[in-house]
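Read top to bottom, the protein sequences are chains F and C. Take the first sequence: its position 103, counting from 1, is numbered 103 in the working numbering, and each next residue is one higher. Take the second sequence: its position 166, counting from 1, is numbered 319 in the working numbering, and each next residue is one higher.
Just so you know, nobody snuck in bad clues.
Under the rule of at most 30 Å between Cα atoms (straight-line distance), these lysine-lysine pairs were calculated in the DSS-like manner: (1) F:K93 x C:K155; (2) C:K155 x F:K88; (3) C:K155 x F:K3; (4) F:K2 x F:K89; (5) C:K294 x C:K225; (6) F:K89 x C:K155.
No wet-lab data here; the hints were simulated from the structure.
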Amino acid sequence: MKKFGGLFFANLILVLIQQAFFGELFGLGYTPHIALALTFALFVTVEMETTLLSGLLCGVLTDLLGTGPVGLSAVFCVSYLLFVAYIKKRFIKGAVVNIIAFVAFSCLYDLLGSFSSVTVVFNVILVRALLGLISLGVFYFIIQRFLDEKYSL
Amino acid sequence: MKYFLISLFIFILGILGTLRPLRGLLQQVSFPIQLGLKYTAVNIKDGINFLTHVFDIHKENLLLAKEMLSLKSRILELEEVSRENDLLREQLAIEESSDLDIQLILAEVLRNPRDLTGASIFVNKGSKNGVAVGDLLILEKYLVGKIVEVTEFRSLAILITSREFSAAAVDLRSDTEGIVLGNYSITLEMTRILPQEDIIPGDLIISSGKDGIFLPGFVLGIVDTVLEDPAEPLKSAQLRPALEISTLQKVFILPMAK
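For reference, chain C alone in the conformation it holds in the complex (with noise of 0.2 Å):
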């Protein structure tokens, strides 16, 4: 019995914020050991990996070389229309400037074991680093997640595979305009597009910022396929995340309070 009065007041201190601080301390000192233990889990993982893989890598590797043969040619192509390009910026008088003017955030990924499907992480960036509800997850131009709770020096947020996850969305190539959702942990859906809008495989889906809570232009997938039935007034299509998420290990919080 004495357990269980001691264990109700540590979660009465707990309700009341009293043990923030411990929590905070016993994060920050804990964080190189995580950190430590990711890593060797992600070298097993990556070894074990390579050695079930070992053949396909060989094969992999003949079509890299012939595909970075023909990149490399599609490069100098592309430096010369760049050349180009600021010739005529120059010529137009046009600034060049950043979308993002925020400071990001630099966070580890860590997983959270309490998530029975995956969908959310943690990251090593609290309040104390100006970490809020609702700032987004992303890497370079890609959306990754969005933090759902904080504490002092630790985040949770949910990925967008994550099903509690939904935006607006646009087909980069047509405009197609939709609702992105997460499916299962491991794909996306885009929703609610109209059954004459154009959209096929292949087609890159931007955020639209039409929802208020993403900002526009972060990629979210790549159609895999369009689920049409006669049935339905709408149809949709299956994604693919655009970014391997089950392998992250840093990702830039970009806050939205500001």
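Just chain F, same shape as in the assembly (with noise of 0.2 Å):
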């Protein structure tokens, strides 16, 4: 419960931030997927479980704070999630596989995001990709540093 509430919380604030603050901040749809790549960075540090906890949970929230059907965005990342997974089990290990799992998945969800579009925009797709890739980044360094400290006690 306690690990429920936590991820709640965590993801409707990356959701909020996203949705509220950086696509103000950066404008023309240049927001990174903040509460995505705090998934992606749970999947390279903690347990699988968790992970796919995180994953559904970004994607509810994305939906119901959006216009769109509920749930679509948390199916599309929870089976994506376990593909990854499938992939990393079966053929290729290491955290390399995450990051191109990260903006391969970035990008497509972009791509999947823009069929009721008339524009699609390429290097806007890519950019969201690489910030989405840097909050990772920043994401995994925090999550790190909570379980050293976590299992230095």
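Got two chains here, each in a separate frame; can you build the complex from them with the hints?
Written out as structure tokens, the structure is:
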């Protein structure tokens, strides 16, 4: 329950920041997927159960605060995380898979989101993915520091 | 697999509309936080903008001071004309009437992070406030956009610069007619102008209402350049929005269903 609460609030705050703060600050769609970045940072640092829960919450909250069908992002996010976990288990290991997987997911997610729109701006999609990657690095560093402190006690 | 099934279950509930009250509640509860975050970002942006343009602002300030002096004298002239106009109206017994008897809905603007082109926005009013798909977003006599999706407490609107936007338009000076289209989220384009029609840079383009979607008389943009290709049977014009759309914080929703 504590884990659920923590992840719920972390994802909620990140989705709100992503929509209202970065959306206004960067404008023109250059908003990184920071909530997704947190999920992918958890993917590298903690167990799969927590990552999937974070992915589920991230997707549901993103949809709830928008206008599209609720749950679509959650299904997409969770299935993708399961797919990456399968790839990592069966074929390639290492953090580099997560980095590639995040960039690919960010681009794919934006492309799917652009289906209803007439214009698909590829450079914006790429910039969003790269900004998201920087956020992932920041989250990874924070989580790592948090885990180090926790286990050193 | 457990989480996949949960997400699928949530998706089915979402499709069926069972989560609509939860969405409404979350959007209402989170809106003040989003507004606070939005204004923090606006202030940061303004601060950065001010620091990078401080010299330009000084020059602009001097120019505006000059302009203000000339405008003051123009206002005095217009006041005189207005008094004369009132007198004539009284004499002719013409009643002043508002173009819009419909009640406008004031809404806060939020950016749409899912939109890569920045050509759509969220507004914090939805079906519970009487907003419906097709309603117009306006600010004074400027057309801002059109509502395309509505939930209980939030709506999605495309801006006039969106590539999905098109409206029948007319040149205020010369009555030249055409179709105004959004152009890559930055500018507008007026197309289907006959070669002999009169249109020049600086002309104000307004909606004509002939499309049956938009009310007539709303400002769409100002002509920047006129594009004439001898090989093309019709000419077009590049417009810039008359309003700085990207910095809008509040808009009015004009209910069209009523």
